[in-house]
Amino acid sequence: MKLGLTFGAALVASVSWASLAAAQTELSMWYHGAGNEVEANILNGIVADFNASQSDWTVVVESFPQESYNDSVVAAALAGNLPDIIDVDGPVMPNWAWSGYLQPLTIDESIIEGFLPGPKGYWDGQLYSIGLWDAAVALVTRQSTLDALGLRTPTLDQPWTGDEFMAALDAAKASGNYEYPLDLGMAWTGEWYPYAFSPFLQSFGGDIVDRSTYLTAEGALNGDAALAFGEWWQTLFTEGYAPGTSQDPADRDTGFIDGKYAFSWNGNWAALGALNAHDDTLFLPAPDFGNGPKIGAASWQFGVSSASEHPEGASAFIEFALQDKYLAAFSDGIGLIPPTTTSAAMTENYGPDGAMAVFYDLTKAQALVRPVTPGYVVGAKVFEKALADIANGADVADTLDAAVDEINTDIERNGGYGH
Amino acid sequence: MAAITQDNHGLRLIMRYVVLTLIAIIFMFPLVFMVMSSFKPDLQLLRDTSSIRAFLPVGDLSFDNYRDASSRVPIGTFVFNSVLVTGVTVLLSLLACSLAAFSFVFLNWKGRDVLLSIILATLIVPFETIAIPLLLLVSQMPWIGLEGFQVGWLNTYRVQIIPWIADGLTIFLFVQYFKDLPRDLIEASRVEGASWLQIYLKVVMPLAGPVIATAAILKFLVMYNQYLWPLIVVQQETYRPVMVGLQYFFQLNTAWGEIMAYLTIITVPVLAFYLVLQRAFIASIASTGVKG
Amino acid sequence: MASKLTTSNRAGWAFALPGFGLIALFIVVPFFFAFYLSLTNQRLISPNPTEFVGLENYRNLLSISVLSIEPEVDETGALIRDADGNLAYPRVRTFTRDNPDYPQYAGMREWFRWHSGDTAKVVVATDVVFWKSLRNTLMFVLVVAPVQGALALGLALLINQKLRGINIYRAIYFMPVVVSIVVVSLLWRFLYAEEGLLNSILSAFSFGLFEGRDWLGDENTALGAIKAMSIWQAVGFHMVIWLSGLQTISPTLYEAASIEGASKWQTFRYVTWPGLRNTAVLVLIVITMQAFALFAQIDVMTNGGPLDSTTTVVFQAVERGYGKQDISGGSAISVILFLLVLSISLIQRYLTREK
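Residue numbers (our numbering), protein chains in the order written: chain H, 1 to 419; chain B, 1 to 292; chain W, 1 to 355.
Among the clues, some could well be false.
[To be verified] Just so you have them, the derived chain B footprint on chain W, three or more residues with Cβ under 8 Å:
{"id": "1", "stretch": "175-186"}
{"id": "2", "stretch": "337-345"}
[What the hints assert, rightly or not] Here are a few chain B residues that sit away from chain H, every Cβ distance over 12 Å (derived from the structure):
{"id": "3", "residue": "24"}
{"id": "4", "residue": "25"}
{"id": "5", "residue": "28"}
{"id": "6", "residue": "32"}
{"id": "7", "residue": "35"}
{"id": "8", "residue": "45"}
{"id": "9", "residue": "48"}
{"id": "10", "residue": "60"}
{"id": "11", "residue": "64"}
{"id": "12", "residue": "118"}
{"id": "13", "residue": "181"}
{"id": "14", "residue": "192"}
{"id": "15", "residue": "212"}
{"id": "16", "residue": "240"}
{"id": "17", "residue": "273"}
For the record, the hints were derived by calculation from the structure and aren't laboratory data. Fair warning: this is a prediction, and the values are worked out from it, not measured in the lab. Each residue gets a CB set at the ideal place from its N, CA and C atoms; glycine is no exception.
Generate coordinates for the entire structure from the input sequences, incorporating the hints supplied.
Quick look at the structure:
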């Protein structure tokens, strides 16, 4: 047995010596894209290019399904088993940085000067993560719908006001042509709620947490603006404007294309499907409820784990991946928004006349990142439940009060989350 | 029986089959839905869900979903991992749990009742509630294997197997079954000078067919459907089981057709296992009842 | 019982040790660790040091009290009534938020209320959702345990006859068990949808009289829908356990009963049922445990909603421990659940003890 083992070890060693030209140090990397072939191919391409471009490092990728990626990382961190490079969802990054899972990036920041703000992950004044793309949400509809309902086409300079928006929903409802005027995607639980719906609250003038201190939600989530938002939100469901929390997931995927809904609040990743189904699909900016039109920002980003013994190698890889051609490749492959104008120009859909260029402009004009705090993870959960409850008819003031209490208790129990 | 006329008997037989079949339909429909849907493109699949078409092989049928699902997920690896982990665990579990139950039912020893009570109490602990402590435990657990001494069990088969070998339910199943076995058999063998091991092997286990089959099936299901545990202790695709693989399909636009194809594929081993066991044990034991 | 022949400390321990040792190491030890966590302020991930907080987590979960609210009066002291003659009451939040006169109610929320004369008695709790999860879990257990156990026995009796092809039916009845509960829940979400198949079928059978319902979206039907699905899914599981019990009953007993001219009911009552005693205890306990552990269906189908009508204790433990990164609070929920189920099963055991 001993002999066999030694022989096996020698064999393994000789194979790895043969395959690697020089003594390269291995860098492990975790990615959330398991099951998405296109995404995997692009990433593997970047990794192969990087490994071939220099002789110090070899990056090895392990992919995880997105649904459970965060759980996997947290479990690995608890067990002391983190890789060198991890990707992290933008709003979650402060939580991981504060917990000590991440170390600051050491890339040349001049490279990311031209980036949209969403993909740049700053916490505590330091860059911890950087994204190769951003994501945006728009009000999806069709030109023929607007024409039939006699509605003005809102623009970035002149978005719909809250009243105009509601008038549009009323018109759609009155036409009797739709099952519901608006599809908010209530079937998508989880991060979709805070990502897609907290910008409405912010446009009303409220927020999930008071961003001036990040130490309380009092006033932000249960003040007058938040109450107005809550009442409005409830009307959407009680008055039959939008399907509620029990929306059939199938309808979320195909309802707009099938003509069940006049408007759909959906992300740029679903845009190509809508465009393919209807030539006259339009992507409208968010309505302005008083404090400016807002949409969410920040998507998946790359960071270096605190467990990494080779942060310089990890940073070198991330810097390498930030080349325009890769940014463009991700955009072409999976429809994401490229983070720079130069890379946007290289893409099929986001160039000056691209079908989805509007998303780039939307992001630039309206995007607001979710609260940059380690407490966001809990705040987002509480917000999601509050919105679901209000949609199902819970008392608005009581629900928002309870949400504030829960968020504040959590902040207190975490010693202010380092703010 | 003799009083019943032939006609009457035939009618009653038909009625029995009608009842059995009606119940069967109730139990089958989601599976029929799953299998039929696996041949349909996504859009049609979703539209069909509101009508009886969901259960019929109608429309645009193809094996595309199977092809796409197998290129999205390394199905072979995942099924192999699950079958391996499940098979080994089931075997070891039957052994460890039946031995323990044997001891609890047939032997008298100090501490027996306390130990049994503790084991029964563990039935109450839902796995979700101890997952994190258990994770911390196995991540520090030592192991001596072919590769020498190591610390930490993450990313292995053993971490998916060993913590699941013994469980209160399986022991309880055996205990309740053993209680129904005639005790004089055991005492008689004892008088004849048989060792406990001999009694276990030669007297008790040969009579335990039905409970072995039941325990094996139930354990198989628990193991084959493992999700949370492998999710947190396995970070390498090489060791992932089928239920974690299911997550691969929940992308922003969920590929429902492929999910149905994947589910159909991964359900085959379980059904096969159940059918084999049913034939091997239940059917044969049915006629030999052991209770006096 | 304690015959000399069967007394053997060494063999007893040796046989029990592999099973017991593994359970002790992989279930008992982690559970004690969870119990320890519940007495601290440990977060799932945090750079802050762990502190011992005693029973604070339990207090936060269990604090409950009754608040009496008098109806509003105008300047003259007369009761204010609205158009329908209903009394007006001040909002609960005026007592529970920043009110120095009622420090004992600070941070509490209304669970439910009743009226005693003109006074509104409001039950307020620090963690209303937890109380609702306790209520839902108990309701689930109370319905699912007996119904599922009885249906499973019925199926087992039905399937335990010698008929050509009976094995096929046996396999079919077991099918829902074979498919993971997560998958089953996914499939049933389609069936329960407002435009889903269940509504189409009900509408067709009632000739259009039945109007579609949003089964999972209505707080009055959501938990019921999940109960029905859960019973359907696991009934085959318990059918198999009953079956293995049935098969231990000697055919000679049935022959004897048939010779004595016993009716079907008499045969069941005096031959089958007594022979199933140990199996019945097993099924009852297993169903109860499984019902208390209700989680996957909720996670996939409703996320505890609408309005907490389907939230359960284990769902809360997971949501808090992992989702909200409060592992100490989640652990406290687990410990409460453990103690609750333990006391229930002790009562069960007392009631089903051998007389």
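Going down the list of hints, with the structure as the test:
Only when three residues or more bring their CB closer than 8 Å to a CB of chain B does the claim for the stretch 175-186 of chain W stand; here the count is 11, and the claim holds. Proximity of the stretch 337-345 of chain W to chain B, defined as three or more residues with a beta carbon under 8 Å from a beta carbon of that chain, is established by the 5 residues found. Distance check on residue 24 (chain B): its Cβ is at least 27 Å (rounded) from any Cβ of chain H, clearing the 12 Å threshold; non-interface status holds. Distance check for residue 25 (chain B) against chain H: the nearest CB is about 24 Å away, which clears 12 Å, and the non-interface claim stands.
Here residue 28 (chain B) stays apart from chain H, with its beta-carbon at least about 22 Å from theirs, past the 12 Å limit. Chain H leaves residue 32 (chain B) outside its interface by the beta-carbon criterion, the shortest separation being 18 Å against a cut-off of 12 Å. No Cβ of chain H comes within 12 Å of the Cβ of residue 35 (chain B); the nearest lies about 18 Å off, and the non-interface call holds. Residue placement check: residue 45 (chain B) does not keep its beta carbon more than 12 Å from all beta carbons of chain H (closest about 8 Å).
Against chain H, the non-interface label of residue 48 (chain B) is violated: not every CB pair exceeds 12 Å, the least being about 10 Å. With a cut of 12 Å on Cβ distances, residue 60 (chain B) stays outside the contact zone with chain H, its closest approach being about 15 Å. The claim that residue 64 (chain B) lies off the interface holds: its Cβ sits roughly 15 Å from the closest Cβ of chain H, which is beyond the 12 Å cut-off. The beta carbon of residue 118 (chain B) sits about 27 Å from the closest Cβ of chain H, which is more than 12 Å, so the claim that it is off the interface holds.
At roughly 43 Å from the closest C-beta of chain H, the C-beta of residue 181 (chain B) stays outside 12 Å, upholding its exclusion from the interface. Against the 12 Å criterion, residue 192 (chain B) stays outside the reach of chain H, whose nearest CB is about 42 Å from its own CB. The claim that residue 212 (chain B) lies off the interface holds: its Cβ sits roughly 34 Å from the closest Cβ of chain H, which is beyond the 12 Å cut-off. Consistency note on residue 240 (chain B): stated as away from chain H, yet its beta-carbon is not over 12 Å from all of that chain's, at 9 Å minimum.
Non-interface status of residue 273 (chain B) relative to chain H is upheld: no Cβ of that chain comes within 12 Å, the nearest being about 26 Å off.
Comparing the model with each earlier hint shows violations of hints 8, 9, 16; every other hint is respected.
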